[in-house]
Each structure stands twice: as structure tokens, then as C-alpha cells.
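A.B. asks: All chains should be built: construct the whole structure from the sequences, respecting the hints.
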Amino acid sequence: RLKSLAVENIDEAKRDIEIFANGDFKNDFYCVITDKKKNVIGLIIAVRLTRMTTDVSYFLKEEYRHNGYMQEALTGVIGVIRDDNPLARIRLEIEKDNIPSLNIAKRMSAIMQDKGDKFMCYI
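By the count of my numbering, the sequence shown reaches residue 155 at its end, each step adding exactly one.
In short, the hints are calculated from the structure, not lab data.
When the alpha-carbon atoms are kept at most 30 Å apart in a straight line, the in silico BS3-like pairs for lysine-lysine are as follows: (1) Lys138 / Lys58; (2) Lys128 / Lys150; (3) Lys68 / Lys93; (4) Lys147 / Lys58; (5) Lys93 / Lys58; (6) Lys58 / Lys68; (7) Lys138 / Lys93; (8) Lys128 / Lys138; (9) Lys58 / Lys70; (10) Lys93 / Lys69; (11) Lys138 / Lys150; (12) Lys150 / Lys93; (13) Lys147 / Lys93; (14) Lys70 / Lys138; (15) Lys70 / Lys93; (16) Lys93 / Lys128; (17) Lys58 / Lys150.
C.D. replies: Right, here's the structure in full:
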């Protein structure tokens with residue numbers, strides 16, 4: 033069952049996507065990102081590791097990149113996670129050659145730790 037996820041604090045002019053979520057935001061969940069025509073353009077998966085840390089993975093189809101969609105979606109998802117736990121730490125594990133994902137993490141002001149062939153990024 034999919035339910036709509038309200039994304040707050042986003043400039044309405046940039047609101048070109050919709051996010052549908054399934055799962056329990058206090059634990060594990062996934063989000064499907066669609067454009068206004070309901071075409072699936074990406075996804076976000078969140079797995080709660082501990083009470084304080086949630087692992088988040090994301091993907092956006094290449095033809096939809098560079099439009100701010102993933103940053104918009106992640107901002108909404110992180111807001112929902114932090115509604116339940118304001119001190120929650122969001123962790124992203126990103127391969128060093130995954131430039132699009134690293135750029136998103138940088139725009140989200142992630143703290144990046146070098147772990148050899150990947151970065152552990154914390155928001």
C-alpha cells in the first residue's frame with residue numbers, strides 16, 4: 033500500500049515530483065519518486081540500523097538528474113525521519129566514482145569520511 037508523503041519547506045516553484053512511501057518511518061521504508069505524470073523516476077530506501085542511525089540509499093534515472101529532484105526528495109524524507117527523532121543521523125555509503133550521488137551528498141552538507149574506495153557520508 034502506498035501513501036502520500038508530505039514534503040514541507042520546499043519552494044512550490046520547484047515542486048515537480050511526488051513521493052510515495054511505504055513502510056514505517058520509525059523503522060524501514062522505501063519511497064518511490066514520480067514526476068507529475070506518475071512516471072517512476074527514482075527511489076529512496078531507508079533502513080534503521082540503530083535508534084540513532086538510518087542508512088539511506090537512493091537512485092534517480094539519469095535523464096532526470098541535474099534538476100534538484102533528488103535533493104528535494106531527500107530533504108522531505110530526512111524531515112520525516114527527524115520528526116520522529118530530531119537527533120537522528122542519516123548515513124549514506126557512496127562509492128568514490130559515483131559522482132552524481134557524491135554531488136547530492138555535498139549539496140545536503142553531508143560530513144564525508146574517506147573509507148578507501150568509498151565515502152561514508154553523514155547528514
